[in-house]
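Model the full structure from these sequences, guided by the hints.
So the protein lines, in turn, are chains X and C.
For the first sequence, the numbering used here begins at 1 and goes up steadily by one.
For the second sequence, the numbering used here begins at 112 and goes up steadily by one.
A couple of the hints might just be wrong.
[As the list claims (entries may be wrong)] Simulated DEER-style distance windows between Cβ atoms: (1) C/193 - X/9: 25 to 31 Å; (2) X/77 - C/166: 39 to 45 Å; (3) X/79 - C/165: 40 to 46 Å.
Think of the hints as simulated: they come from the structure by calculation, not from any bench.
Since this is a predicted model, take the numbers as computed values, not measurements.
Quick reminder that beta carbons are idealized off the backbone N, C-alpha and C, glycines included.
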Amino acid sequence: DSGVTQTPKHLITATGQRVTLRCSPRSGDLSVYWYQQSLDQGLQFLIQYYNGEERAKGNILERFSAQQFPDLHSELNLSSLELGDSALYFCASSGQGAEAFFGQGTRLTVV
Amino acid sequence: SQKIEQNSEALNIQEGKTATLTCNYTNYSPAYLQWYRQDPGRGPVFLLLIRENEKEKRKERLKVTFDTTLKQSLFHITASQPADSATYLCALDMRGDSSYKLIFGSGTRLLVRP
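What follows is the structure, encoded as structure tokens:
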């Protein structure tokens with residue numbers, strides 16, 4: 001168990017809808033990262049937050065947004081969903097060390 | 112843009128042999144390079160980190176080398192076991208003054224036959 005909790009584990013929704021994915025980092029970790037992994041694809045970095053502030057951005061679509069709250073949990077909002085958004089979405093957190101600890105992911109299926 | 116290449120073909124080896132996985136990168140000089148293991152449908156798990164001034168790092172049956180001139184890292188698993196079968200990801204550790212992101216390669220699948 002990495003200590004990173006993601007909810008929900010599975011999500012099925014229709015095109016055009018909006019969903020929110022939630023991540024609780026390891027206790028004490030200030031950094032949270034979001035990644036997207038499509039079928040047979042690598043992990044694509046989306047965005048990083050550190051102690052509530054956005055610190056780094058990857059190829060995140062404008063339809064996607066994220067935030068980190070004062071209690072350090074983070075949410076990833078995906079709107080106007082398309083079939084191609086179907087993927088595993090991972091959250092990771094890190095503390096003083098360099099390594100990232102990943103959650104078990106949310107599997108999003110857009111139908 | 113930065114590019115990370117890992118062999119997309121699966122590596123199929125016999126139990127007990129040494130598995131060697133390659134990670135090549137371009138257009139960047141990371142201060143650190145990390146290796147992760149990912150099992151199907153699960154999140155990646157951190158294995159090893161190597162710094163740019165380190166040539167080699169070991170942990171139990173795992174060994175990582177880092178050649179910043181060749182822009183290449185090699186990941187070795189000695190005395191491989193069927194339980195080592197998984198996808199192995201390398202990641203460039205890209206740090207700025209106030210930002211930090213890990214950029215992953217697409218991974219190499221390792222299959223260890225009993």
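Status of the hints after comparison with the structure:
1. C/193 - X/9: 25 to 31 Å: About 27 Å separates the Cβ atoms of residue 193 of chain C and residue 9 of chain X, which means 25 to 31 Å holds.
2. X/77 - C/166: 39 to 45 Å: holds (44 Å)
3. X/79 - C/165: 40 to 46 Å: holds (44 Å)
Violated hints are absent here; each numbered hint is respected by the structure.
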